[in-house]
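The lines below spell out each chain.
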Amino acid sequence: MSQWNNFSKGFFKENAVFTLLLGMCPTLGVTSSAIDGLGMGLATTFVLVMSNLVVALIKNLIPDKVRIPAFIVVIATFVTIVEMTMQAYVPALFDSLGLFIPLIVVNCLVLGRAEAYASKNNIGSSIIDGLGMGLGFAMALTILGAIRELLGSGKIFGTVIFPEDYGMLVFVLAPGAFIALGYLIAFINQVKKEA
Amino acid sequence: MEYVLIVISAIFVNNIVLSQFLGICPFLGVSKKISTGIGMTGAVTFVMVIATIVTFFIQKAILEPFKVEYLQTITFILVIASLVQLVEIILKKVSPPLYQALGVFLPLITTNCAILGVAILALKLEDTNIVKSVVFAISHAVGFGLALVTFAGIREQLDLMDIPKGMKGTPIALVVAGLLALAFMGFAGIV
Amino acid sequence: MAKTESTLKNMVLTLLVITCVAGASLGFMYELTKGPIEAAKAAKQKAAITEVVPDFNNNPGEEVYELTSKEGFILKFFPAKKDGELVGIAIETMTNKGFSGDIKIMLGIKPDGSIINYQVLEHKETPGLGTKMADWFKTDKGNQSIIAKHPKTNKLLVSKDGGEVDAITAATISSRAFLDAVRVAYETYTENQSNPTVTSNTSVEEGGTE
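Protein chains in written order, with this note's numbering: chain D, 3 to 197; chain H, 11 to 201; chain X, 88 to 297.
One or more hints might be untrue.
Claimed, not checked - Below, a list of computed lysine-lysine pairs in the DSSO-like style, where the Cα atoms sit at most 30 Å apart:
no.	chain 1	residue 1	chain 2	residue 2
1	X	Lys211	X	Lys239
2	D	Lys67	H	Lys103
3	D	Lys157	X	Lys211
4	D	Lys67	H	Lys142
5	X	Lys184	X	Lys211
6	H	Lys70	X	Lys128
7	X	Lys211	H	Lys70
8	X	Lys163	H	Lys142
9	X	Lys225	X	Lys242
10	X	Lys191	D	Lys157
I should point out that these hints are in silico values taken from the structure, not numbers from a laboratory.
With these hints in hand, go ahead and build the complete structure from the sequences.
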């Protein structure tokens with residue numbers, strides 16, 4: 003697989019959210035605004051790239067039977083690093099994302115890539131895989147976030163498009179997350195069929 | 011009285027799946043049949059309660075006294091991963107049929123964000139103590155089960171219906187989950 | 088390079104090494120980010136204070152004192168001074184009577200007790216209803232606003248309870264709770280004025296009368 007394909011598969015063919023249905027919790031939990039979705043996506047991408055890198059680096063040193071716990075420690079370390087960095091430099095985003103930042107460690111996408119790709123491929127490819135899957139995830143979250151923010155409060159990235167009073171509040175709440183994602187996936191499935 | 015509030019809040023008002031978005035992967039993945047839903051709930055309850063107890067002690071006895079609270083994420087997830095391994099081993103010996111029934115779902119409990127989420131949330135309760143945390147964990151497990159089994163019941167019915175092709179499978183499941191979440195929103199304000 | 092065998096010794100060793108390296112890197116990161124995290128928290132607090140009191144040139148964060156309200160809440164008082172003279176106090180107050188739990192607000196009052204401004208700090212109220220309190224009680228419409236009102240001379244309760252303030256439409260409980268937090272702040276402040284349990288750090292005369 004060429005490196006370009008390796009990178010781009012994360013955006014459409016094997017998009018974490020729309021195709022693989024991985025990492026659903028943050029997808030629904032932090033997408034009430036576009037900026038939250040983007041922030042979470044980028045934080046996850048960082049963890050994904052770094053953990054893929056380290057796993058690919060030490061894959062031959064880890065005995066097979068303990069590979070899952072070992073991967074988990076690596077991932078958890080980078081998640082904590084992201085936590086601390088965000089708390090120090092982007093405290094507002096840190097507050098918005100709240101509990102979901104430490105939960106990146108149980109994002110099936112991250113552990114999944116470590117197990118399925120980084121443990122079997124070289125460092126360069128693993129980094130690119132991490133970047134592609136991560137940014138694809140970020141793209142999905144940002145799109146969902148923008149849709150929910152627009153329909154729910156009339157804004158995108160904080161810019162007012164129409165007054166909040168005309169918004170459908172349900173979309174920034176829990177039920178709206180499920181419903182918006184459901185229709186978004188249906189739409190994308192339809193586009194894929196016709197493509 | 012406070013315990014009653016914790017229980018009602020966890021099961022209905024702040025349902026772990028339908029209003030806090032934790033445990034979505036198993037919620038969507040294991041809810042095709044009521045029987046598997048019940049089995050998964052049992053396993054999740056067991057791991058959730060024990061994980062909350064163990065992580066509670068680790069936080070109070072190790073992390074806080076040594077001022078290393080930043081190691082919370084890493085220690086908690088290791089505890090959960092080990093617990094799941096333990097449950098697998100025990101279940102294999104004690105009840106092979108149950109082990110077979112749960113099959114691939116057991117290892118998936120490790121990545122169930124609800125478990126890590128509840129362990130972390132239990133420590134954020136006001137004047138938290140071990141009894142409150144246990145009640146909290148059990149209640150959330152019940153809430154998880156309630157959402158899961160209700161959803162499975164609906165999905166079993168959905169399978170028999172004529173759904174537009176584009177919506178079949180995940181999309182319609184998500185929309186239905188949204189309506190279920192909407193229903194649960196009615197509980198807000200009880201506590 | 089051949090893969091390491093899964094012997095017990097190897098497994099334990101690898102996990103131990105990985106965990107130690109992880110722990111060490113986190114310890115290092117912790118030291119690195121400790122300062123900026125504290126700075127970010129202080130900046131957030133300063134921003135809330137600046138929002139609710141007039142111009143000041145002291146450091147309210149350093150002159151903060153704590154008082155306990157009769158409900159048992161610990162409130163923080165941040166005196167804002169310009170050229171040594173007290174121009175306002177930012178009070179971090181709270182209530183537990185919110186629709187969905189505690190509500191915390193930063194209330195800015197003049198030394199004489201009248202309200203300058205407020206900022207909602209923390210809450211779990213219903214989005215679209217209770218959350219409106221962020222701006223509702225500062226909007227000059229009808230009888231919504233509490234700005235420039237005085238808890239002693241104006242009845243700061245919702246009209247349903249015989250007060251002067253218009254509650255948020257369909258969010259009476261959140262409105263009541265919000266005003267309760269204001270009451271807690273004012274009562275604790277005046278309680279301390281008449282029975283000073285706290286003396287300020289500087290020897291400046293506290294301006295204004297009760």
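Hints, verified against the model:
Distance hint between Lys211 of chain X and Lys239 of chain X is fulfilled; the C-alpha atoms sit about 29 Å from each other, no more than 30 Å. Proposed proximity of Lys67 of chain D and Lys103 of chain H is supported: the alpha carbons are some 20 Å apart, at most 30 Å. Under the criterion of a C-alpha separation no larger than 30 Å, the hint pairing Lys157 of chain D with Lys211 of chain X is consistent with the structure, at around 22 Å. For a cut-off of 30 Å, the pair hint linking Lys67 of chain D to Lys142 of chain H is broken: about 37 Å separates their Cα positions.
Between Lys184 of chain X and Lys211 of chain X the CA atoms are separated by roughly 11 Å; this keeps the pair inside 30 Å, and the hint holds. At roughly 24 Å between alpha-carbon atoms, Lys70 of chain H and Lys128 of chain X fall within 30 Å of each other, so this suggested pair holds. Restraint check: the Cα-Cα separation between Lys211 of chain X and Lys70 of chain H comes to about 27 Å, which is no more than 30 Å; the hinted pair holds. Proposed proximity of Lys163 of chain X and Lys142 of chain H is supported: the alpha carbons are some 28 Å apart, at most 30 Å.
Restraint check for Lys225 of chain X and Lys242 of chain X: the C-alpha separation of about 16 Å stays at or below 30 Å, so the hint holds. Distance hint between Lys191 of chain X and Lys157 of chain D is fulfilled; the C-alpha atoms sit about 26 Å from each other, no more than 30 Å.
When held up to the earlier numbered hints, the structure conflicts with hint 4 and nothing else.
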